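Enquirer: Now for the letters of each chain:
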Amino acid sequence: MSRWKLYAGFFFIMIIFLITGNQKNDILSIQDAGASMCLSCIGLE
Amino acid sequence: MNLDSLRRIVQYLTLLISNCYLGFVSTKQVYQGSLKSSCVPFLHCHTCPSALFSCPVGIVQHFVTQRSLPYTLLAYLISVGISVGSMACGWLCPFGLLQDLMYKIKSVKLSIPHQLSHFRYFILFFLVLLIPLITQETWYCKLCPAGTLEAALPWVLWNPIMPLYNEPVAQNGNLGVLFIVKIGILVALLGAMTASKRVFCRTLCPLGAIFGLFNKISLLSLSVDKANCTSCDDCVTKCPVDLNVSDNPNASTCVRCMKCLECDNVSLDIAGFMKNKTPTVSAQGESNQAKPMAKES
Ligand code: SF4
Ligand code: SF4
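Protein chains in written order, with the working numbering: chain Y, 573 to 617; chain X, 16 to 312.
These aren't lab readings, by the way, just hints derived from the structure by calculation. Every value quoted in this text rests on a predicted model; they were computed, and no experiment measured them. Ideal placement from N, C-alpha and C gives every residue a C-beta, glycine not left out. Be aware that a few hints might be false.
To give an idea of the chain Y side of the interface with chain X (calculated C-beta under 8 Å), a few residues [as the list claims (entries may be wrong)]:
no., residue
1, Lys577
2, Ala580
3, Phe582
4, Phe584
5, Phe589
6, Leu590
7, Thr592
8, Gln595
9, Gln603
10, Met609
11, Cys610
12, Ser612
13, Ile614
14, Gly615
15, Leu616
16, Glu617
Start from the sequences, fold in the hints, and give me the full structure.
Expert: This is how it looks when you write it as C-alpha cells:
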C-alpha cells in the first residue's frame with residue numbers, strides 16, 4: 573500500500589471522528605476536566 | 016545558531032508559554048478559562064498552578080472513566096502523530112527538557128536496553144485505559160511523575176486556603192500513602208534521569224508511546240544515505256535516546272530532536288518529497304555499503 577493511501581486512510585478516520593463526536597460536548601468536557609483541581613494529580617486521597 | 020540551540024530555545028519558550036497563568040496567586044485555583052479546552056501535544060499537568068492548557072493523557076483518562084470516547088482529542092492526537100510523529104517530545108515537552116538537563120549532571124551513566132521501550136505500551140494500556148475504565152479513577156494521574164512535580168509539590172508545599180471550599184489543599188487525612196508513593200516515583204526517576212538519557216520518555220511515557228507509533232509513517236521522517244554512511248556511530252553518540260540512526264532512522268523511541276542531521280548522510284524528508292536519490296535505509300534494509308566520507312564531529 574502506498575504511503576499516500578495510508579495518509580488518506582488516517583485523515584478519513586480523523587474526519588469520521590470529527591463527524592461522529594460531539595465536538596462542543598468534547599470541548600466543554602475537556603475544559604471541565606482541565607479546570608478542576610484534580611486530586612489524583614496532587615496525590616490526595 | 017545550530018539546530019540544537021534552536022531546539023533548546025523552543026523548549027524553554029514552550030515551558031514559558033504553557034505556564035503563563037499567574038492568577039493562581041490570588042485565586043488559589045488552577046486556570047479555568049477557555050484555553051483549558053485545548054490540550055498541549057505533550058505531557059504537562061493541567062493541575063499545575065500556572066498551566067494554561069490541559070494535559071492530553073489526563074483528558075484521555077477523564078473520558079475513559081466516563082466510559083466515552085474523546086473523538087476530538089483522538090483526531091487531534093492522530094493529526095499531530097501523522098504530521099510530525101514524536102517531534103513534540105523532542106522540541107516542546109517540558110518534562111523532556113527536564114530530562115535533557117538532568118542528564119548533564121555528572122553521575123554514573125547507564126544505557127537502557129531498547130526492549131524496555133515496550134513498557135510504555137503496558138503503561139498506556141493498563142494505567143491510562145484499562146484500569147481507569149474498570150475503576151473509573153484516573154490511575155495514571157495518581158502515579159504520574161510530571162503531575163507530582165508540577166501539581167502535587169507546588170500545591171502541597173504552598174497549601175493555600177482555597178476560597179471555594181474555605182479549606183487548605185492538603186489537610187489531615189487526605190495526605191497519605193498515595194502521596195508518598197508519588198514522591199517516591201518522582202525521586203527515583205530524577206535519580207535515573209541523571210544516569211540515563213530520556214529515561215522517562217523511553218520507558219514510561221504513554222504519550223510518547225502513542226506518537227512513537229507514527230514515526231515510521233509520519234509526513235516528516237528521517238532517512239539515511241547508507242551508501243555514504245561510514246558507520247562511525249557519531250550519530251549514536253549524539254542521539255538523546257541512544258538510537259542507531261543508520262539502522263533505524265524512524266524508530267518509535269526517536270524524539271525527532273534532529274541532532275543526527277548534523278551528519279550529512281542523515282536527511283529530513285517531508286512526505287517523501289525530499290528523498291535522496293542515493294539508496295536509503297528504507298530502500299536498502301539493513302545492508303551497509305560503507306564508503307568513507309569526511310564528516311564533521
Ligand atoms: S515521551 Fe517524553 S518528551 Fe515526549 S511527551 Fe512523553 S515525556 Fe514528553
Ligand atoms: S534518531 Fe536523530 S532525531 Fe531521533 S532522537 Fe536520535 S538524534 Fe534525535
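Enquirer: Each hint needs a verdict: does it hold in this structure or not?
Expert: Evaluated hints:
The interface hint given for Lys577 (chain Y) is violated, since its Cβ lies 11 Å from the closest Cβ of chain X, which is over the 8 Å cut-off. With a least beta-carbon distance of about 11 Å to chain X, the hint placing Ala580 (chain Y) at the interface is violated under the 8 Å criterion. A distance limit of 8 Å between C-beta atoms decides the matter here; for Phe582 (chain Y) the minimum to chain X is near 5 Å, and the interface restraint holds. With 8 Å as the threshold, the beta carbon of Phe584 (chain Y) stays out of range of chain X, its nearest partner Cβ sitting at about 11 Å, so the hint is violated.
At its closest, the beta carbon of Phe589 (chain Y) sits 4 Å from a beta carbon of chain X; the interface hint therefore holds under the 8 Å criterion. The criterion of a C-beta within 8 Å of any C-beta in chain X is met by Leu590 (chain Y), whose closest approach is roughly 5 Å, and the hint holds. Here the hint on Thr592 (chain Y) is kept, as its CB sits about 6 Å from the closest CB of chain X, short of 8 Å. About 5 Å separates the beta-carbon of Gln595 (chain Y) from the nearest beta-carbon of chain X, less than 8 Å, and the hint is met.
The interface hint given for Gln603 (chain Y) holds, since its Cβ lies 4 Å from the closest Cβ of chain X, which is under the 8 Å cut-off. With a least beta-carbon distance of about 6 Å to chain X, the hint placing Met609 (chain Y) at the interface is held under the 8 Å criterion. Evaluation of the Cys610 (chain Y) hint against chain X yields a held restraint, the C-beta minimum of about 5 Å falling below 8 Å. Contact between Ser612 (chain Y) and chain X, as hinted, is supported at the beta carbon level, the nearest pair being about 4 Å apart and thus within 8 Å.
The restraint placing Ile614 (chain Y) at the interface with chain X holds, with a minimum CB-CB distance near 5 Å, inside the 8 Å limit. Interface restraint check for Gly615 (chain Y): the shortest CB-CB distance to chain X comes to about 4 Å, inside 8 Å, so the restraint holds. Because the smallest distance between the Cβ of Leu616 (chain Y) and any Cβ of chain X comes to about 4 Å, under 8 Å, the interface hint for this residue holds. For Glu617 (chain Y), the interface hint holds, since its Cβ comes within 8 Å of a Cβ in chain X; the closest pair sits about 5 Å apart.
Comparing the model with each numbered hint stated earlier shows that hints 1, 2, 4 do not hold.
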